[in-house]
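All residue numbers for the sequence shown refer to this note's numbering, where the first residue is 1486 and numbers rise by one.
Bear in mind the hints are in silico, worked out from the structure with no lab data behind them.
These numbers were taken from a predicted model, which means no experiment stands behind them.
Hints are not guaranteed to be accurate.
Straight-line Cα separation of at most 30 Å, BS3-like style, residue types lysine-lysine; simulated pairs [said to hold, decoys possible]: (1) K1826 <-> K1957; (2) K1593 <-> K1532; (3) K1778 <-> K1507.
Derived DEER-like restraints, expressed as beta-carbon distance ranges [stated by the list, open to error]: (4) H1594 <-> K1765: 53 to 61 Å; (5) N1578 <-> T1676: 49 to 57 Å; (6) G1536 <-> K1593: 17 to 25 Å; (7) E1599 <-> A1683: 29 to 37 Å.
The beta-carbon is built from N, C-alpha and C at its ideal position, and this holds for glycine as well.
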Amino acid sequence: MNELVVTKNEDGLRIGILQDKKIVELHHEKLSEGFSVGDLFLGKVRKVVTGLNAAFVDVGHPRDAFLHYLDLGPQVKSLLRFVRAVRQGRQGNPVPIEKIKTVPDINKHGKMTEVLKPGQEVLVQVVKEPISTKGPRLSSEISIPGQYVVLVPFSRAVSVSKKIRSAEERRRLKVLAESLCPNNFGMIVRTAAEGRDAASLSHDISTIVSKWNEMARSLQRARPPAKVLSEDNRATSILRDMLSQGFDSIHTDDPQSHVEIEEYLKSYQPDMLKGLKFHKSKTPLFHAMGLEKQIKASFGKVASMSNGAYLVIEHTEAMHVIDVNSGSKNLDKTLEETALKVNMEAAEEIARQLRLRDMGGIIVVDFIDLKRPDNRRIFNDYFRKVMKADRAKHSILPMSKFGLVQITRQRVRPQINIQTSEVCPSCNGTGKIQASILIADEISNNVDFLIRQNKEKKLTIRVNPFVASYLKQGFMRSLQFQWFHTYWLWVRVESDAALPFTKVKYYNSNNEEIKF
């Protein structure tokens, strides 16, 4: 079950993608964000660096954007000719792209100084948002995406997505695309076009061409540096990229996003309109759907899994490091069986964490060692399978004999970082603790383990008075009563003001403390 959740706060839009009620992607579109992937800018070349074979371009960001020679695109001289023609043409009547005479492709082993010079105006597209101290990464190989096709100005190529398996369908789409492709455009047929007719593709192409003409009008009156075409907002971009997979429901509490999504669905997927729901309650949407709790639980240094195993995630300057730990609750017959089981469950959680945090660059994962080569092969195949849902480009090396797996993953936006600790009420703000929203869940999990696995016949827990009040609150609705109803064992809850807020002690029938 796939769900899309869009909520608005004072900073902008928060967008979550859920699979089976579990959040797998989280996006944040800031209201002030001016450099999103896909945006087109009229920039001005600030300087050309021969040693890097690159140019630094002013697009309005505090730091100049980076444009490498290999990112110019073969048809960059035709694009520069188009920019000059539009800028010098009559106001209100930009030169159509089909009237621009193309020039030969540039030499792919050439020099940046042969194409651009300081002070020159250039049309560029953001391919990587500003990250940390780096400015945006740019390309002059422009691409304008639609639902079913992507148009590439001045390209001569027409291609079909390799994800479409049927050779017959690929041939059909290739012939269709070649007959519909506008003059002076190349075309890439997307996976979502599989099974679509000529009318659907033609409508999509017309929409993209209209967007291009709108950009040309903006280009004519722009004063560099200036944005001349904005990418769709993040919510509709996700819809566009994932509509072929389908969403069972779409929830939003932002009227503007609701209207935009509704219009988009009317054009491309009207049968999904019935799943579009507007949240009218005063309770924030993420809270109402339990997502805030999931986010707090997922973004800490330690990410727990349902089987008692957990991940320790560290971020260094050069790479990300993840350590897989089996915990104390995995009781399979042999070490090898336990290791394989934990590793496969950890693989699922790691695939989710990479998407959720949008971690990029080099990621090294220390899995539990597998001695048998066939188990390592089973694990490698399974890890690649669970990573297939990740839309970011990635590469996975097989597990080494030391249990290490190396991953590279493309990142085009800043990594998401959520504050998962809060000021400790038991130390007047002098330290930090795990988010308090998770304490009750941790206690319930441990109670379940002690009663079901350890077969405890009597159980007492000792906690801070604030936590004790929470566990007993409401009696019939309290967690203490829920435990009794589930296990038919009354768990005694005692208050101890000397205990820190998050400290919990467990005692058995002999009043001996149970250590975890």
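Hints, verified against the model:
Proximity of K1826 to K1957 is assessed by CA-CA distance (about 37 Å); at most 30 Å being required, the pair is judged violated. A distance of roughly 21 Å separates the Cα atoms of K1593 and K1532; the hinted pair therefore holds under the 30 Å criterion. The straight-line distance between the Cα atoms of K1778 and K1507 is roughly 11 Å, inside the 30 Å bound, and the hint therefore holds. At about 60 Å, the beta-carbon gap between H1594 and K1765 stays in the expected band of 53 to 61 Å.
The supplied range of 49 to 57 Å is broken by N1578 and T1676, whose beta-carbon atoms lie about 38 Å from each other. Taken as a hint, the range 17 to 25 Å holds for the pair G1536 and K1593, whose Cβ atoms sit roughly 19 Å apart. The hinted window of 29 to 37 Å between E1599 and A1683 is violated, with their beta carbons roughly 42 Å apart.
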